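Protein chains in written order, with my numbering: chain C, 1 to 883; chain F, 1 to 883.
No wet-lab data here; the hints were simulated from the structure.
These numbers were taken from a predicted model, which means no experiment stands behind them.
Think of the CB as a built atom: it goes at the ideal place given N, C-alpha and C, for glycine as much as any other residue.
Some hints here could point you the wrong way.
[What the hints assert, rightly or not] Straight-line C-alpha distance at most 30 angstroms; calculated DSSO-like pairs for lysine-lysine:
id, chain 1, residue 1, chain 2, residue 2
1, F, Lys787, C, Lys585
2, F, Lys55, C, Lys717
3, F, Lys787, C, Lys823
4, C, Lys14, C, Lys328
5, F, Lys625, C, Lys639
[What the hints assert, rightly or not] Chain F side only, calculated, beta carbon under 10 angstroms to chain C, not exhaustive:
id, residue
6, Leu155
7, Gly298
8, Thr634
9, Asn714
10, Val754
11, Asp783
There are 2 protein chains.
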Amino acid sequence: MDEVYLFDEAAKLKMSKYELGGKGYGLVEMTRIKLPVPPGIVITTRMCSRYFKEKKLWPSIKEKILEKMKLLEKKSGKKFGSAENPLFVSVRSGAPVSMPGMMDTVLNLGINDEIAAALSKRTGDRFAYDTYRRFIQLFGSIVLKIDKAKFDKVLDDVKKTRGAKSDVQLEGEDWKEVVEKYKEIVRRETGKEIEQDPYKQLFMAVGAVFESWWNKRAIEYRKIYNIPDSYGTAVSIVTMVYGNYDNRSGTGVAFTRNPSTGEKKLYGEFLMQAQGEDVVAGIRTPISTDELKKSMPGVYKQLQDTANKLEKYFKDMQDIEFTIESGKFYMLQTRNGKRTPFAAIKVATDMVKEGLIKKEEAIMRVAPEQLEQLYHKQIDRSGNPKPIAKGLPASPGAASGKVIFDIAKAVEEGKKGEKIILVRSETTPEDIAGIAVSTGILTSRGGMTSHAAVVTRGMGKPCIVGAEEISIDFNGRLFRVGADVVHEGDIITIDGTSGEVYKGELKMIEPKESKELGTFLGWCDSARRLGIRANADTPEMVRKAMENGAEGVGLARTERMFNAPERLGIVQKMILAKDKEERQKYLSMLKPMQKSDFKAMLEIANGKPVTIRLIDMPLHEFLPKLDELLPKVTEMRLKGVKEGLNEAEDMLSRVMELREANPMMGQRGVRLGIIYTEIYEMQVEAMLEAAIELKKEGKKAELEIMVSQVAIANELKEARKVIEETAERVFKEKGARVNYKIGTMIETPRAALVAKDLANYADFFSFGTNDLTQGTFAFSRDDIEGKLMQPYLNNHVLDKDPFSTVDIDGVGRLIAICSREGKQAKKTLKVGVCGEHGGDPDSIKFFNTVDIDYVSMSPYRVPIAKLAAAQAAINAKTSATTV
Amino acid sequence: MDEVYLFDEAAKLKMSKYELGGKGYGLVEMTRIKLPVPPGIVITTRMCSRYFKEKKLWPSIKEKILEKMKLLEKKSGKKFGSAENPLFVSVRSGAPVSMPGMMDTVLNLGINDEIAAALSKRTGDRFAYDTYRRFIQLFGSIVLKIDKAKFDKVLDDVKKTRGAKSDVQLEGEDWKEVVEKYKEIVRRETGKEIEQDPYKQLFMAVGAVFESWWNKRAIEYRKIYNIPDSYGTAVSIVTMVYGNYDNRSGTGVAFTRNPSTGEKKLYGEFLMQAQGEDVVAGIRTPISTDELKKSMPGVYKQLQDTANKLEKYFKDMQDIEFTIESGKFYMLQTRNGKRTPFAAIKVATDMVKEGLIKKEEAIMRVAPEQLEQLYHKQIDRSGNPKPIAKGLPASPGAASGKVIFDIAKAVEEGKKGEKIILVRSETTPEDIAGIAVSTGILTSRGGMTSHAAVVTRGMGKPCIVGAEEISIDFNGRLFRVGADVVHEGDIITIDGTSGEVYKGELKMIEPKESKELGTFLGWCDSARRLGIRANADTPEMVRKAMENGAEGVGLARTERMFNAPERLGIVQKMILAKDKEERQKYLSMLKPMQKSDFKAMLEIANGKPVTIRLIDMPLHEFLPKLDELLPKVTEMRLKGVKEGLNEAEDMLSRVMELREANPMMGQRGVRLGIIYTEIYEMQVEAMLEAAIELKKEGKKAELEIMVSQVAIANELKEARKVIEETAERVFKEKGARVNYKIGTMIETPRAALVAKDLANYADFFSFGTNDLTQGTFAFSRDDIEGKLMQPYLNNHVLDKDPFSTVDIDGVGRLIAICSREGKQAKKTLKVGVCGEHGGDPDSIKFFNTVDIDYVSMSPYRVPIAKLAAAQAAINAKTSATTV
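Based on the provided sequences and hints, a complete structural model is requested.
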């Protein structure tokens with residue numbers, strides 16, 4: 001069926017935005033509610049798909065368009081192609097999802113030599129030939145594919161000859177000359193005259209608008225915003241109205257509320273005697289809607305009434321275009337208005353107060369990524385600064401500082417109180433001191449779950465990773481981006497929210513206090529089903545988590561505590577120990593340090609559950625790296641250095657012994673814990689003694705002990721035995737008992753597959769989605785993220801990075817199997833997610849569907865997760881009721 | 001219920017071997033078919049389990065035993081505890097699964113001072129006191145836990161005093177003295193007299209036999225043979241009959257057929273005037289059944305009739321014990337006889353010919369491991385050689401040779417034609433030349449799927465891995481095992497079937513030709529459902545595979561071909577190439593080599609399918625190792641060596657660049673192939689050109705191209721595109737087309753989970769169960785097999801090494817999901833297994849149940865796999881009909 005409808009026909013059919021495109025939908029809906037929309041025709045997106053198959057307009061659709069054009073003539077009282085009473089139309093694109101400026105539109109179509117001449121008799125040359133030249137300019141560039149610059153140059157030349165600074169200074173004669181010159185361009189470029197038959201113009205324009213779906217910039221835009229290529233564009237053919245028709249004419253754009261602050265007040269601009277594009281082009285300075293209120297209260301009132309009507313109908317803030325032709329008011333476009341995060345919250349909460357929308361609708365109005373920006377500094381983009389490079393936005397917020405390339409120097413400068421941007425190819429756990437003193441981090445390699453990304457997200461520091469355009473010359477102490485050179489000590493600004501790098505220090509916008517935010521998050525808390533915890537390895541992080549409203553700690557990584565500089569030495573001695581006894585000696589030195597950390601964390605959590613993971617890292621990760629140690633020892637041997645040689649050789653031989661071919665799948669977690677039980681024992685003692693002390697002090701402590709890297713039910717059984725035996729020993733020694741839970745990470749594929757067996761020994765499961773993703777794909781993050789992920793994403797081998805958004809088909813299937821079978825086996829089992837995905841809105845949406853009880857993420861992402869969880873719950877309810 | 005039955009009562013209840021134990025079952029079944037079994041009582045294994053709970057005999061079972069003893073007295077016409085007509089019994093253990101000699105038995109129970117004295121009046125001192133001392137000896141050591149050596153010493157002393165060389169030379173008086181001295185031992189050791197009450201003796205003995213289930217040697221035995229601890233032992237109480245009663249008495253053991261050759265002829269030994277244990281103890285030389293036939297034709301006939309009856313009833317060769325008391329023939333035991341692999345085949349095929357069993361039963365009679373031995377040299381164990389060490393039996397067969405520790409020396413000695421046993425801590429791909437010239441391989445580290453294990457199995461060379469007792473001193477050029485020292489050049493013998501290492505050169509038994517084997521394997525071919533292919537990387541291996549009856553090649557690893565010494569240099573240059581063009585130059589040098597290999601392999605397979613896997617290994621595996629290269633470059637730098645420094649530094653920087661943190665999960669297989677497409681292209685060209693040449697020569701070639709390491713359907717889509725485009729190019733160039741299939745390994749957990757998507761791009765799936773096991777457990781074989789597998793198996797964290805026998809709960813579940821969903825999506829999809837598990841009988845049994853079409857394994861394991869597949873099919877049929 002050929003789907004070509006008049007606006008009022010489409011309104012009766014109740015067609016969706018997916019069929020009519022955004023622009024068409026707005027016009028049709030406004031027609032429905034009797035707003036003054038110029039009559040028009042819409043061709044659906046389905047016709048666009050068919051067009052791509054047929055590669056041209058087919059006969060029956062042409063007939064249908066002709067048929068509807070006749071009806072349009074009736075409605076408008078004008079005639080298409082008539083010299084006396086000509087109907088002019090715009091042919092507009094409009095995708096189901098807003099793609100502003102990405103596709104093409106032809107205006108003033110229906111004019112030709114004869115009609116222009118006739119028109120000039122009624123309106124004068126100025127209007128007639130300005131209109132004609134506007135048509136040739138757009139038709140020429142869009143339909144005939146003539147370089148637009150050629151038209152611009154002609155206009156510039158004419159203006160120069162006339163000494164005119166702007167278009168309005170040109171007279172009728174001038175426009176006539178421009179038209180002649182434009183026609184000459186068309187003749188020269190196409191070998192033909194500009195098309196004189198209005199219907200031929202129309203069919204050519206419709207085809208060209210369909211084809212503009214494949215504009216290079218449109219393809220790019222869709223790739224960035226994940227818009228399916230299959231959507232296609234609709235085409236609207238709209239009767240032209242002219243804001244430049246006479247001195248009672250004008251045109252404007254407006255938001256129904258302030259898009260920056262959310263204030264409920266019209267916010268826009270208006271220009272007398274102008275066409276729509278002139279407002280944007282800045283030919284003259286438009287007046288604000290506030291001024292309009294004073295100078296043209298009638299128009300303002302009409303505008304305000306329309307805005308109210310639109311908000312009432314669409315139940316959202318609208319972004320509108322309107323035109324006044326000879327005093328008559330026309331609406332040309334309406335769509336939901338883009339707004340700042342701050343405004344988004346304000347508008348959503350206000351509209352609830354106004355009774356316009358429900359709380360659940362308000363929650364759906366704010367994107368989780370928007371919310372995130374409220375918590376971080378932003379670059380002030382009013383000056384339109386140009387980035388020199390772009391990487392992956394690994395940790396949000398903006399920061400400026402001195403470029404520093406090495407850790408020692410960063411620490412030194414940091415002590416002086418300098419603001420530092422640490423620039424590295426990538427970071428490793430050893431760099432932690434340097435990261436800690438830096439204001440922001442920029443790496444040229446690594447992905448969204450690289451070390452730098454994970455650590456900075458945990459710290460709430462801005463970070464950009466994988467900025468591959470940046471070429472670092474460590475010896476030269478500079479980095480290059482194309483022709484740009486940045487030396488150590490130069491100031492740069494990074495925006496971890498967008499991934500953009502700027503030279504110099506940019507102006508920042510500080511995060512604003514918002515009284516509506518608390519209300520809004522409260523609604524989210526009521527709406528969501530998923531619990532929200534935070535991953536926190538230190539007392540400071542636990543404090544941040546509690547401030548941001550986390551309901552507990554879902555993951556505290558104990559070995560990160562081992563890495564503190566004053567502890568690492570003891571840890572290394574423990575690893576180098578010849579036997580269990582010696583190992584225990586060093587472990588007992590570590591115990592008070594761990595205990596005091598645990599106590600502080602439990603105390604701050606104040607009765608909310610704190611999940612502490614027993615040692616997970618392979619031992620060799622605490623030792624020096626082979627490729628540093630080996631040349632060092634080789635050198636000592638060759639040079640005959642005696643001092644320290646024995647120690648270095650001992651270290652080397654232990655490093656060689658502990659070295660693993662594939663450490664991610666090596667002796668980690670429970671595989672270490674049930675072999676060297678003394679490490680688990682020390683950690684369990686430290687936790688329980690901390691909890692007992694708090695109890696004795698009358699404080700609350702809710703401890704959950706977590707075992708990692710489990711693949712076999714008996715591993716967990718053994719670990720549970722070690723923990724329980726240690727606990728009984730501690731309880732006896734201290735003469736007091738405390739409650740605690742024992743659970744396991746689910747991070748090997750097998751663990752997910754044997755959930756019913758694991759449930760026998762677990763009070764809770766917690767998905768370690770990073771490792772689970774790694775294992776399920778057999779993707780080593782360290783190796784694959786850098787080398788393979790970008791090519792895979794670019795070539796659509798993968799649609800999304802599975803380390804950022806959970807892979808539903810593979811990893812997600814394992815998660816679903818595991819949570820279902822685990823809970824079937826044990827009704828009281830709690831199931832959480834503590835991997836990076838715990839804080840990702842798309843992943844949260846999935847977790848909400850598969851019987852996960854809570855998600856846990858960086859303390860800084862807690863509010864975002866709350867919003868995402870609330871939206872997931874509302875989505876689930878909606879789809880449940882519609883099914 | 002207290003389960004204590006007379007033999008004929010148990011026969012009516014049709015109880016199983018699991019309830020009666022092997023010994024009890026034999027006695028009960030012989031009672032059923034009216035063979036002359038001494039009357040007796042059996043107590044079931046369920047009572048054993050209860051005993052372990054009660055920790056003693058409970059009152060009701062004692063009463064039940066008393067009740068049955070009364071009935072036994074009636075049957076035997078004797079009276080338990082009577083001095084005039086005493087009933088003596090043996091109290092025998094018997095587990096559901098044969099555990100020869102592992103548990104305890106008490107003989108001659110029911111005797112005491114009074115009864116012995118009365119007995120001596122009727123039989124003389126000799127029989128009476130020999131019987132009494134035998135009772136005290138066993139009751140004392142087994143029930144009273146007195147060190148058996150104490151009794152032996154007394155007997156030795158008495159014999160010495162009498163100048164007697166053997167027991168039979170002792171007279172009645174001597175036995176009386178022995179009895180007195182034995183009683184003194186009991187008195188001294190227990191503080192009590194030897195128990196005089198026959199019923200107390202009986203209850204104590206029953207308890208002791210139950211307890212012998214937990215003998216240290218019994219526990220060890222069960223661990224080795226995977227017998228569940230939960231089985232427990234039954235107890236038989238059997239009327240004693242005496243082969244030493246008078247000169248018309250005797251005792252013997254026999255097989256119903258020759259257990260060595262399978263010949264259908266009684267094969268055993270007989271001793272006049274002796275008790276059963278005397279035959280085994282070798283006190284006098286027994287006569288063979290052949291001699292028996294001549295000297296006592298009547299007895300022989302009785303024995304032969306019994307043997308025939310037993311074989312007819314049990315439908316298998318029996319291993320029997322019998323006794324003649326005063327001319328009366330008694331059967332004391334029957335069980336299925338253990339036999340050599342050679343005999344197993346002969347007996348099974350003969351019995352089919354004799355109409356005793358069906359072909360399917362014959363197939364079930366031969367263990368796959370037995371079959372394997374037919375193909376390999378065996379150590380002649382007649383001299384009872386003692387191994388010095390034991391490792392994992394990685395590749396079967398025996399070999400002797402000079403111990404050599406390094407590859408260069410092995411190659412050198414190998415050239416001289418020396419037989420070499422290569423001894424290493426473990427082997428790597430670089431050692432391949434040394435392995436090739438060695439007769440056998442022994443490593444002190446590594447597991448069943450370590451490099452040495454996999455490579456030698458493929459070559460059919462004996463290999464022992466993970467012999468951890470062996471401590472190699474490379475500098476000293478020797479290895480130590482405890483106090484033993486073996487120097488380089490010393491001869492050792494290794495048995496890859498048992499994992500045993502011997503000093504010196506042992507006598508070997510060559511594999512025998514067997515005309516029955518062909519028949520037997522033919523039956524297996526008819527019975528099995530699973531197809532059997534072989535993994536073969538070279539033309540020679542393909543030839544071996546075809547000789548052994550493989551139905552195709554399931555896996556040819558192309559990168560093993562890259563590792564040939566003359567090729568590795570080119571491969572390295574290809575990897576070091578600066579750009580695609582240079583890479584293609586070296587690839588084009590490799591192509592003719594690969595093509596000639598492929599052509600030879602396809603030609604030998606002669607129309608059977610050959611699955612060739614495209615490059616799978618990560619590139620860095622072809623480059624020198626970092627820990628060798630790094631000290632070398634460091635040394636060159638320090639010493640100021642100029643020559644070769646640039647090359648070495650280039651190599652080092654490329655090694656560093658390609659180095660991966662977790663290479664198993666890195667850029668391998670398809671992740672390499674769709675990025676550096678020129679490698680795939682070269683390999684596909686080589687394969688297809690080979691196939692086209694064969695076609696032109698009028699020969700058959702059935703090519704299957706396999707992609708590895710796939711985790712995402714789009715990876716396979718891309719790979720398929722590269723292959724198909726290359727194929728079309730080759731077809732055009734060569735002016736000819738050939739058929740070929742494209743398939744994928746399933747070796748990442750995710751691939752198994754998205755089978756329905758992969759099926760879109762695959763003609764076949766082949767499970768790479770090694771990597772799939774690795775990924776599912778997150779067990780790095782290289783790291784875990786050595787360090788963790790043994791402790792895990794010892795502590796029952798795992799029951800079986802999942803790299804040897806497929807893990808049904810985890811990996812198996814993925815396999816089942818994948819084969820089901822793959823075939824649902826595409827009916828024509830063929831699904832195979834080409835990992836190490838393809839040749840493991842237990843795994844084959846599982847694969848048979850989950851809709852796998854074929855398994856592929858080392859060419860040497862093809863017959864074993866055929867048998868295992870046939871057994872799996874028969875098992876499935878049986879369990880399907882019983883359900």
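We went through each hint and held it up to the structure:
Distance check on the hinted pair: Lys787 of chain F and Lys585 of chain C sit about 24 angstroms apart at the alpha-carbon level, within 30 angstroms; holds. Of the supplied pair hints, the one linking Lys55 of chain F and Lys717 of chain C holds, its CA atoms being roughly 27 angstroms apart against a limit of 30 angstroms. Distance check on the hinted pair: Lys787 of chain F and Lys823 of chain C sit about 34 angstroms apart at the alpha-carbon level, beyond 30 angstroms; violated. A distance of roughly 28 angstroms separates the Cα atoms of Lys14 of chain C and Lys328 of chain C; the hinted pair therefore holds under the 30 angstroms criterion.
Between Lys625 of chain F and Lys639 of chain C the CA atoms are separated by roughly 24 angstroms; this keeps the pair inside 30 angstroms, and the hint holds. Evaluation of the Leu155 of chain F hint against chain C yields a violated restraint, the C-beta minimum of about 48 angstroms exceeding 10 angstroms. Interface hint at Gly298 of chain F: violated, since its Cβ lies 60 angstroms from the closest Cβ of chain C, which is beyond the 10 angstroms cut-off. Because the closest C-beta pair between Thr634 of chain F and chain C is about 4 angstroms apart, less than 10 angstroms, the hint holds.
Of the supplied interface hints, the one on Asn714 of chain F holds, with its beta-carbon coming within about 4 angstroms of a beta-carbon of chain C, less than 10 angstroms. The beta carbon of Val754 of chain F comes within 5 angstroms of a beta carbon in chain C, closer than 10 angstroms, and the hint placing it at the interface holds. With 10 angstroms as the threshold, the beta carbon of Asp783 of chain F comes within range of chain C, its nearest partner Cβ sitting at about 4 angstroms, so the hint holds.
Checked against the numbered hints given earlier, the structure breaks hints 3, 6 and 7 and satisfies all the rest.
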